[in-house]
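Those sequence lines, one after another, are chains A and B. If you count by the working numbering, then the first sequence holds residues 1 to 497, one letter each, in order. If you count by the working numbering, then the second sequence holds residues 1 to 115, one letter each, in order.
It should be emphasised that the hints constitute simulated quantities derived from the structure, not laboratory data. Model, not experiment: these values are computed from the prediction. Quick reminder that beta carbons are idealized off the backbone N, C-alpha and C, glycines included. Among the hints, a few may not be true.
Unchecked claim - Footprint (simulated), chain B over chain A, 3 or more residues, beta carbon under 8 angstroms:
(1) 57 to 64
(2) 427 to 441
Claimed, not checked - Quick list of the computed label-pair ranges, beta carbon to beta carbon:
(3) A/F107 - B/G60: 58 to 66 angstroms
(4) A/R31 - B/I56: 32 to 40 angstroms
(5) B/L92 - A/A208: 26 to 34 angstroms
(6) A/A473 - B/A2: 24 to 32 angstroms
(7) A/R26 - B/M1: 36 to 44 angstroms
(8) A/G406 - B/I56: 44 to 52 angstroms
(9) B/R22 - A/L289: 52 to 60 angstroms
(10) B/E100 - A/F228: 41 to 49 angstroms
(11) A/T2 - B/L21: 35 to 43 angstroms
(12) A/R26 - B/E100: 38 to 46 angstroms
This is what each chain is made of:
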Amino acid sequence: MTLLPALPIVIPLATAAMCLATAASRRVQRRLALAGSSAQLVASIALLATVRSEGIQVLEVGSWAPPFGISLVADLLSASMTVITAIIGLATVVYSLQSMDANRERFGYYAILQVLLMGVSGSFLTGDAFNLFVWFEVMLMSSFVLLALGGEQEQLEGALTYVTINLFSSALFLSGAALLYGAVGTLNLADAAERLRGGNVPVYIEGALAMLFLTCFGIKAAIFPLFFWLPGSYHTPPIAVTAVFAGLLTKVGVYALVRFFTLVFPGHGVDVHGILVWLAGFTMVTGVLGAAAQSDVRRILSFHIVSQIGYMVMGLALATPLALAGTVFYLIHHILVKTNLFFVSGIVARMQGGYELSRVGGFASKPVVAGLFLIPALSLAGIPPLSGFFAKLALVKAGIEIESYGIVAAALGTSLLTLYSMTKIWNEAFWKAVPDGIAAPRSAGGIGLMLLPSIVLASLTVAIGLGAGWLFALSIDASSQLLDPRAYVDAVLGSRR
Amino acid sequence: MAPILAIAIGALFGTGLYLMLRRSLVKLVLGLSFLAHGANLLIFGVGGLVEGHPPIVAEGETVLVPPYADPLPQALILTAIVISFAVTAFALVLVYRARESLGSDDLDDLGGTRT
């Protein structure tokens, strides 16, 4: 047994505590946040390397044997997600150094951001249903504060929507966890999977449980028809907060869907996957159509989050090895790309003073910013050789292999519309001349530290595209772990059987 | 006992949802805490209701002999209560701030985030 799976949780917790203890000094907090996030990245990479070479890592917290204690479980999916969380965390800290205002920093921005990262990593690593609820709450509580910190009227209104829908979803999750305990007498996911497979639970109870979890994770992941809160709140906080939300939070919902519907409810009793296909298709199409009607960059990008979630759910719904590998690949690619798009839109707003497309223009004269937008935008639309192309290729190929032509058509159509949306932003912000009465873009107040994380994320997008084979091999291995939960169950319960 | 508990849980969920769908900000918060209470009682209910048998190992025994009241749901509820307490406190402050900045308690006056 190794303590490695606990590190991605413990490091941000310690960093947050130290940031709170040094609340008087912004300078110290910034350095602590940088150091903490870097340490988290190193620990997560070490965890992924260990999982890759030695198989699934299990940590029995407090040495309580499962299913009585809480287990932290790192399989390939969990470990990859913690690495990507740490990358986004570090990028956001660096980006915030220059983009966050002094007042928010003074009121504990860095500490809360670290708590958010702890909640996200915890959700990825836990192997226990109730513990997952607790991590969700840690993540939610810090996201509530990040969303409302600053207290501008628009922020408060956005936060009201966000808080209400998420608390409702939490109540559903809690009820689901309670009924799961009532039905199988355990909260350990591996143990619950074993007992449900045993077939002693009536199919209508299993079905009701699956639907409860589908609804509450569906709200978190913003799938159709439960996504309205997302474009209603994500554009209100400072851009660094929006970027980290956009990258990580909905993806925790997707991760929970993948975990539950491959491990606990793999579709023996109820045909969840048949429902998921429809949800995936509608999510893609409504998201991208919603984006077409918007003119605020942040709102366009928010609707695209919804649309992209559809692709990830599509892979889960098709549930073939290739499709699930596509989902894993898509998750990793999407987190990098989406966060970066928000970073770039923040840089554009900083240089010209707005997110409204009619009030920006003339960025073609700034080749660095233009390039930084173009790489993630084209990747989002799925243009080769960038990362998005391979993610979509895997999903579409998997769809054709099992002859689900409807969802394949939806995926390809959505891809075209995504390109249209990205072209719209490009035409307005970059190609168009500077609008009358608006100053030309200038790098006032320093944007170097905002450009740096954006450049790194863009390079990662290109690197994933050019070296897709490596990440795809990882995704295929993660997907075969997901499709054959035996290894997961044995790793968790092995010691007591 | 179980039927009464079931009715109470249903009533709490129903009242919570009804209050959440009202237009008042305060009722929204009340509704959310009713939902949380409903979920907490549900956890209590699924543990099975056993009267008069605390989970204490009797003298001369080494393990618990059924029937006994399941202690785990109570631990879960305790955690859930603490969480919902914190979240409700936050929601109350949020609603207070929103009311101050909006000058109204009516959800229909929210406009800035319409999509």
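Hints, one by one, checked against the model:
no. : hint                                : result
1   : 57 to 64                            : violated (count 0)
2   : 427 to 441                          : violated (count 0)
3   : A/F107 - B/G60: 58 to 66 angstroms  : holds, 59 angstroms
4   : A/R31 - B/I56: 32 to 40 angstroms   : violated, 52 angstroms
5   : B/L92 - A/A208: 26 to 34 angstroms  : holds, 33 angstroms
6   : A/A473 - B/A2: 24 to 32 angstroms   : violated, 53 angstroms
7   : A/R26 - B/M1: 36 to 44 angstroms    : violated, 57 angstroms
8   : A/G406 - B/I56: 44 to 52 angstroms  : violated, 59 angstroms
9   : B/R22 - A/L289: 52 to 60 angstroms  : violated, 31 angstroms
10  : B/E100 - A/F228: 41 to 49 angstroms : violated, 26 angstroms
11  : A/T2 - B/L21: 35 to 43 angstroms    : violated, 49 angstroms
12  : A/R26 - B/E100: 38 to 46 angstroms  : violated, 28 angstroms
Taken one by one, the earlier hints fail for this structure at numbers 1, 2, 4, 6, 7, 8, 9, 10, 11, 12, listed in ascending order.
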